[in-house]
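Asker: Order-wise, the sequence lines are chains H and D. If you count the first sequence from 1, position 211 lands on 217 in our numbering, and the numbers rise without skipping. If you count the second sequence from 1, position 38 lands on 44 in our numbering, and the numbers rise without skipping.
The reader is advised that the hints may include incorrect statements.
Which copy? The list can't say, so a pair holds if one copy fits it or any two copies do.
What the hints assert, rightly or not - Calculated lysine-lysine pairs in the DSS-like style (CA-CA distance at most 30 Å, straight line):
id: 1; residue 1: Lys215; residue 2: Lys246
id: 2; residue 1: Lys44; residue 2: Lys228
id: 3; residue 1: Lys215; residue 2: Lys163
id: 4; residue 1: Lys200; residue 2: Lys44
id: 5; residue 1: Lys228; residue 2: Lys215
id: 6; residue 1: Lys166; residue 2: Lys200
id: 7; residue 1: Lys215; residue 2: Lys119
id: 8; residue 1: Lys119; residue 2: Lys228
id: 9; residue 1: Lys119; residue 2: Lys200
id: 10; residue 1: Lys166; residue 2: Lys44
id: 11; residue 1: Lys215; residue 2: Lys166
Don't read these hints as lab results, they were simulated from the structure. Note that the coordinates shown come from a computational prediction; the quantities given were computed from them, not determined experimentally.
There are 2 protein chains.
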Amino acid sequence: MANLAFIGLGVMGYPMAGHLRSAGHDVTVYNRTESRAKAWVDEFGGRACSTPAEAAAEQDLVMICVGNDDDLREVVCGEQGVLQGIRSGAVIIDHTTASAGVARELFQLCAEKGVGFLDAPVSGGQAGAENGQLTIMVGGDESVFDFSRPVMNCYAKMLKLMGPAGSGQLTKMVNQICIGGLVQGLAEALHFAKSAGLDGEAAMSVISKGAAQSWQLENRHKTMLAGEFEFGFAVDWMRKDLGIVLDEARRNGAQLPVTALVDQFYADVQAMGGNRWDTSSLIARLERKREE
Amino acid sequence: MANLAFIGLGVMGYPMAGHLRSAGHDVTVYNRTESRAKAWVDEFGGRACSTPAEAAAEQDLVMICVGNDDDLREVVCGEQGVLQGIRSGAVIIDHTTASAGVARELFQLCAEKGVGFLDAPVSGGQAGAENGQLTIMVGGDESVFDFSRPVMNCYAKMLKLMGPAGSGQLTKMVNQICIGGLVQGLAEALHFAKSAGLDGEAAMSVISKGAAQSWQLENRHKTMLAGEFEFGFAVDWMRKDLGIVLDEARRNGAQLPVTALVDQFYADVQAMGGNRWDTSSLIARLERKREE
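From just these sequences and the hints, can you work out the full model?
Answerer: As structure tokens, then:
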């Protein structure tokens with residue numbers, strides 16, 4: 007069993023850290039809002055610290071799952087950050103969805119201190135975190151990946167080293183690009199079905215085994231038809247991810263016309279008050295325009 | 007066993023008519039290019055006629071699978087069309103992907119002559135036609151559907167009555183709208199992966215079980231990465247279908263921003279000489295711009 011720290015007990019980190027504890031690891035936690043760290047310790051045992059540096063001291067691995075690039079830099083490089091406490095030879099595994107640039111920057115900074123760093127964003131959402139069934143896309147060194155793999159397997163159903171530092175983040179971006187165009191296409195299809203007076207549910211059932219089949223069609227069409235969006239992956243988070251995607255594409259020269267357009271559509275959804283709605287709420291934007 | 011005619015022995019109609027014959031039905035065929043009708047008779051037996059009217063005479067059911075609205079009007083209402091030969095009480099099943107408007111128009115015209123009419127476009131492509139595994143979306147009267155169902159089951163894996171005349175065509179449109187946005191999102195994702203220096207194959211394998219999963223991702227990502235498009239559902243046919251979709255949306259008020267954009271992208275692919283390429287060739291357009 008390894009000595010671990012887990013930093014960032016949000017909707018993802020809280021259950022992920024719980025899986026590590028349930029597997030028998032010694033887990034020390036840190037969370038910006040202290041009451042949540044205390045709740046975690048009350049539920050799972052272990053120890054809560056008041057700074058990332060303190061939590062990282064004497065650990066074999068330090069997991070991080072925070073909000074964005076700035077949060078990540080703060081908990082790693084801040085005055086009381088992980089790098090102030092972690093010992094040489096230890097490993098940082100970052101589960102935040104962040105830019106490939108910050109992943110490469112922190113990889114380099116860690117390497118100079120003899121610390122391993124993996125960028126390891128996840129997909130599978132809150133349910134995946136709770137069931138320990140996440141997909142984890144990893145960038146970094148192979149030896150560090152091999153060392154870290156058994157621990158990540160506590161909450162992974164799919165775990166893959168994609169290449170050097172930043173490659174995990176780039177793979178997560180590929181995932182979000184697929185989803186953007188796919189969900190907008192599905193939203194337009196359901197909106198068209200309603201406009202045409204078709205039974206949308208019957209239409210989805212008849213096309214669901216062919217070339218239009220997708221996870222989103224199977225798992226989201228009913229709630230999209232019903233206009234229910236108070237669940238799932240929030241529009242605010244999707245916009246954060248698409249912002250990272252579009253920045254990266256500006257650098258690497260990729261053309262993403264539909265992804266950029268869908269990002270703007272999500273801005274419309276935010277303007278409708280849908281910041282916390284699931285990404286499938288793109289249909290609400292189409293339906294609204296018609297009803298105004 | 008029923009007496010049947012099959013009109014239009016293209017890549018879809020030829021094998022579909024074959025399945026009817028293999029099931030023991032008496033099948034009479036008509037095809038605009040006579041040599042193809044002769045080839046069919048050489049392979050399956052039966053009888054070839056020189057006009058749709060002649061083929062339709064004395065039949066219980068007349069299947070049609072031609073190119074577009076104009077072809078369909080010609081074989082049904084032309085001087086030597088089906089309606090000149092068909093007897094009252096018989097049924098026309100139209101497998102053409104056409105407009106909902108022409109379906110309603112022909113339904114009405116047939117009704118006045120005591121002939122049943124179903125709009126019954128299919129999906130599943132050439133492979134689905136050859137394996138007898140098509141999805142068929144039907145519009146028309148329930149009693150006519152029930153009468154026709156056993157015959158269509160000779161080449162269907164999924165067969166559903168969607169509502170009154172035109173509903174089959176509208177459902178096919180919903181299918182094509184889903185595919186347009188989905189394939190463009192996938193093309194952007196793969197193009198981004200290449201631009202970012204990622205292993206696209208590895209990236210697809212790691213995201214293929216989650217929220218980005220789709221039939222298109224599973225069945226098209228390898229050929230898209232390899233730039234192979236000489237197969238599948240041709241861009242020219244997709245543009246025909248999207249033209250029908252956008253016309254219908256103009257009438258019913260549905261907003262289809264990404265579908266309209268993807269239709270324009272397919273116009274770019276046509277301009278690149280990709281008229282016969284598979285719909286997944288949207289990625290070729292993104293890659294071309296970079297290489298120019």
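Asker: Could you run down the list of hints and mark each one as holding or not?
Answerer: Outcome of the hint check:
Taking the closest pair of Cα atoms, Lys215 and Lys246 come within 30 Å of each other only across two copies (23 Å); inside a single copy the shortest separation is 33 Å, beyond that limit. Proximity of Lys44 to Lys228 under the C-alpha cut-off of 30 Å is found in neither arrangement, the shortest distances being 38 Å within a copy and 48 Å between copies. For the identical chains of this complex, Lys215 and Lys163 are neighbours both inside a copy (25 Å) and across copies (10 Å), given an alpha-carbon limit of 30 Å. For the identical chains of this complex, Lys200 and Lys44 are neighbours neither inside a copy (48 Å) nor across copies (45 Å), given an alpha-carbon limit of 30 Å.
In this homomeric assembly, Lys228 and Lys215 come within 30 Å of each other (Cα to Cα) both inside a single copy, at 16 Å, and across copies, at 21 Å. For the homomeric pair Lys166 and Lys200, the shortest alpha-carbon distance between copies (18 Å) is at most 30 Å, but the shortest distance inside one copy (41 Å) is not. Taking the shortest alpha-carbon separations for Lys215 and Lys119, neither the intra-copy value of 53 Å nor the inter-copy value of 37 Å comes in at or below 30 Å. Neither within a single protomer nor between protomers do Lys119 and Lys228 lie at most 30 Å apart by alpha-carbon distance, with minima of 51 Å and 41 Å respectively.
Taking the closest pair of Cα atoms, Lys119 and Lys200 never come within 30 Å of each other, the shortest separation being 59 Å inside a single copy and 32 Å across copies. Taking identical chains as interchangeable, the C-alpha atoms of Lys166 and Lys44 are never at most 30 Å apart, the minima being 33 Å within one chain and 56 Å between chains. Taking CA atoms no more than 30 Å apart as the test, Lys215 paired with Lys166 passes in both settings, with 29 Å inside one copy and 13 Å between copies.
Violated hints, in rising order: 2, 4, 7, 8, 9 and 10; the structure is consistent with all others.
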